[in-house]
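Participant: Note that the protein sequences, when read in sequence, are chains X and W. According to my numbering, the first sequence is numbered sequentially starting from 3. According to my numbering, the second sequence is numbered sequentially starting from 369.
Simulated from the structure, these hints should not be mistaken for laboratory data. Be aware that one or more of the hints could be misleading.
Here are the simulated lysine to any residue pairs, SDA-like style, with alpha carbons at most 25 Å apart [to be verified]:
id, chain 1, residue 1, chain 2, residue 2
1, X, K315, W, N423
2, X, K303, W, A453
3, X, K189, W, N423
4, X, K315, W, F417
5, X, K136, W, N423
Here the structure is a predicted model, which means the values were calculated and not measured.
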Amino acid sequence: MTKSMTGARMVVQALKDQGVEVVFGYPGGAVLPIYDEIFQQNDIRHILVRHEQGAIHMAEGYARSTGKVGVALVTSGPGATNAVTGLVDALMDSIPIVVLTGQVPTFAIGTDAFQEADTVGITRPCTKMNWLVKDTAKLSETIHKAFHVARSGRPGPVLIDIPKDVQFADAEYVPVEKIKPIHYQPKVKGDIDQITRLVEMIETAERPVFYTGGGVINSGPAASQLLRELAEATGFPVTSTLMGLGAYPASGKNWLGMLGMHGLYEANLAMHGCDLMINIGARFDDRITGRIKDFSPHSRKAHIDIDASSINKVVRVDVPILGDVGHVLEDLLRIWKSRGRKVNKAGLATWWKQINEWRAVKCLTYNNSATIIKPQYALERLEALTKGMDRYITTEVGQHQMWAAQFLGFEGPNRWMTSGGLGTMGYGLPASIGVQIAHPDALVINVAGEASWLMNMQEMGTAMQFRAPVKQFILNNERLGMVRQWQELLHGERYSQSWSESLPDFVKLAEAFGCKGIKCSDPKDLDDAIMEMLRYDGPVIFDCLVEKHENCFPMIPSGKPHNEMLLGDADTQGVIEAKGAVLV
Amino acid sequence: MSPLNIKTGSTSHSAYDLRDPHAEVIEAHTLAVIVDNEAGVLARVIGLFSGRGYNIDSLTVAEVDHTGHLSRITIVTRGTPQVIAQIKAQLGRMVPVHDVHDLTEEGPSVQRELALFKVAGRGEHRIEALRLAEIFRAHVVDSTLESFVFEMTGTPEKIDSFAELMRPLGLREIARTGVAALSRGV
Numbered sequence: 003m004t005k006s007m008t009g010a011r012m013v014v015q016a017l018k019d020q021g022v023e024v025v026f027g028y029p030g031g032a033v034l035p036i037y038d039e040i041f042q043q044n045d046i047r048h049i050l051v052r053h054e055q056g057a058i059h060m061a062e063g064y065a066r067s068t069g070k071v072g073v074a075l076v077t078s079g080p081g082a083t084n085a086v087t088g089l090v091d092a093l094m095d096s097i098p099i100v101v102l103t104g105q106v107p108t109f110a111i112g113t114d115a116f117q118e119a120d121t122v123g124i125t126r127p128c129t130k131m132n133w134l135v136k137d138t139a140k141l142s143e144t145i146h147k148a149f150h151v152a153r154s155g156r157p158g159p160v161l162i163d164i165p166k167d168v169q170f171a172d173a174e175y176v177p178v179e180k181i182k183p184i185h186y187q188p189k190v191k192g193d194i195d196q197i198t199r200l201v202e203m204i205e206t207a208e209r210p211v212f213y214t215g216g217g218v219i220n221s222g223p224a225a226s227q228l229l230r231e232l233a234e235a236t237g238f239p240v241t242s243t244l245m246g247l248g249a250y251p252a253s254g255k256n257w258l259g260m261l262g263m264h265g266l267y268e269a270n271l272a273m274h275g276c277d278l279m280i281n282i283g284a285r286f287d288d289r290i291t292g293r294i295k296d297f298s299p300h301s302r303k304a305h306i307d308i309d310a311s312s313i314n315k316v317v318r319v320d321v322p323i324l325g326d327v328g329h330v331l332e333d334l335l336r337i338w339k340s341r342g343r344k345v346n347k348a349g350l351a352t353w354w355k356q357i358n359e360w361r362a363v364k365c366l367t368y369n370n371s372a373t374i375i376k377p378q379y380a381l382e383r384l385e386a387l388t389k390g391m392d393r394y395i396t397t398e399v400g401q402h403q404m405w406a407a408q409f410l411g412f413e414g415p416n417r418w419m420t421s422g423g424l425g426t427m428g429y430g431l432p433a434s435i436g437v438q439i440a441h442p443d444a445l446v447i448n449v450a451g452e453a454s455w456l457m458n459m460q461e462m463g464t465a466m467q468f469r470a471p472v473k474q475f476i477l478n479n480e481r482l483g484m485v486r487q488w489q490e491l492l493h494g495e496r497y498s499q500s501w502s503e504s505l506p507d508f509v510k511l512a513e514a515f516g517c518k519g520i521k522c523s524d525p526k527d528l529d530d531a532i533m534e535m536l537r538y539d540g541p542v543i544f545d546c547l548v549e550k551h552e553n554c555f556p557m558i559p560s561g562k563p564h565n566e567m568l569l570g571d572a573d574t575q576g577v578i579e580a581k582g583a584v585l586v
Numbered sequence: 369m370s371p372l373n374i375k376t377g378s379t380s381h382s383a384y385d386l387r388d389p390h391a392e393v394i395e396a397h398t399l400a401v402i403v404d405n406e407a408g409v410l411a412r413v414i415g416l417f418s419g420r421g422y423n424i425d426s427l428t429v430a431e432v433d434h435t436g437h438l439s440r441i442t443i444v445t446r447g448t449p450q451v452i453a454q455i456k457a458q459l460g461r462m463v464p465v466h467d468v469h470d471l472t473e474e475g476p477s478v479q480r481e482l483a484l485f486k487v488a489g490r491g492e493h494r495i496e497a498l499r500l501a502e503i504f505r506a507h508v509v510d511s512t513l514e515s516f517v518f519e520m521t522g523t524p525e526k527i528d529s530f531a532e533l534m535r536p537l538g539l540r541e542i543a544r545t546g547v548a549a550l551s552r553g554v
């Protein structure tokens, strides 16, 4: 049975029908009718943010920690333009979110009306798909379609722009089951012939490696389970991109750690020296490959990806498999088992011997100090003191992010939320709130740098208002640490604008927000301070004053291959040529 | 210059050097893209080309299935085989795109373009223009005592050569539709 209702009511009804429980948003003139409907119901909870960028990152944190679609609601003009950074962030990292924007009434579009912006024009390259709905009769169907698009295939952000008169007008509501068939149905099953070719390679490979990415996590918990089964059964080593951490457990015996620019020595050398690389849901990002020409020169490569445009984009592969990671791994395991579970045992034994020699280098070793907190030490202690807890980690962007990826261990998927592709400073705090809203009883920590954290610190107000007890663990080096590191290595130690002058007193700032502030600068006090943070029932801003000039290693300098990695400060003299300096 | 507009050589060791150095051969391909006839679809397709640094030599678009709300975009583009493959994959994954056909790769195809030429002149030039138009099977669709407008349908190359011949005879303006193309046979 269909019924007539206003566009605004339709929005709320469609969200309910899509199973939405939380909306992150900020009201304004062009979305007032929708806010009026939100006021008159209790099924959907609205989280009032302090800035629209925060709303999008919260929706992202919510989506990544639950596997559901995140939803944000903002007004026209500046509301929509403030959302742009979050949209691109979600696009780069394949995060399913639906963003609803208000728009000036249809008759005012194009007149430079108050708070008018060409939202669909601005966000077209920032979204997987967007729509301007000019007719209330099409609104409910568009919303249902938007959810389908956001979560299907390679997930991503979608946006629906709704003019104010469309929100006021009446039309028939079209429920999910009554909408026209949607032609966008990406293929999830992989080609069996290609999968069989990969199985043949798995049976004979001497030096194989699984190179896994965010696609494993996006495919759902079953895909992570299948990856674990496959890795255990074959005995192949597993490394992962920043986005894929947790798909294979950090405590697993085949785990090599993260790979890439600040990846582990053993992971990068395994990638460089392998004879069979099995890319599962990763995309050969430039942070991973280094110099393309010398990237894993002696390997045959297979690539499992749901996005055809990711295959053969940067690196040519021998076995392309287009499909969903979960479905493909299921078929792969079935075929491999039915052919007798063969692997090259002798080859693998030699390979593991080699990998263990690389592991023995202990590339994460750092010079600890009895007087100054080293950032690595701070994260080691955080890891030790929170191990086994129901823990979610978000990060900002920079050195602290890389150290968090190196020093924290993730045992399951959806536990690690970080801005990978876009590298958005200011992501972590709002993302941590989004995670906490989805998991009210869990421990949610944002590992931050002081500079990134300041970019969206207004969201502490949101954390307070909605009692989200997020822990802001700020590694404060009073520097833009990664920028400073690059200036040291590439720009003759001329530290142009890379220090944080006039920082706030974070403890007083916490008090001003009404939450708890903790400051720690002595390694001897660190454990107690962390425990105080963990025990406090409410948001905490933890100002951890760390070594100011610590560099993040290992590091593959720009334009270098995997086997030319820097392990410490002693390796850095004159290593980056002028050519490398032009790269990011 | 590479499609990314980065000087050749400056990125030979670059992580951004995405093109295969061995595949420098540039090919022209004609793509037929079937899309939902919705607002913004063309902008989305064009934005893909400009945003990712691909070339557009010619582009035509019109609705071809009114009941199914489908439009056909015909794009002539140039690039290395890897770039062409990437363009097709990028188009194929777009939500409003139903189908991408590479008419250059899928076998022989018919390619036609319509053009209008305004040629002004008197005396010998005028007679010569008319004679050449007959040879090229161009129709006169407008005439004054001092000018003609010719209409011609043909391959882009034929239109190019007619334009070359008209230039010394008083060619003033050309309007071209861009290429429409279909595969031969069923």
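Participant: Now, for every hint given, state plainly whether the structure supports it.
Facilitator: Verification of the hints:
no., hint, verdict
1, X:K315 <-> W:N423, "17 Å, holds"
2, X:K303 <-> W:A453, "18 Å, holds"
3, X:K189 <-> W:N423, "29 Å, violated"
4, X:K315 <-> W:F417, "15 Å, holds"
5, X:K136 <-> W:N423, "33 Å, violated"
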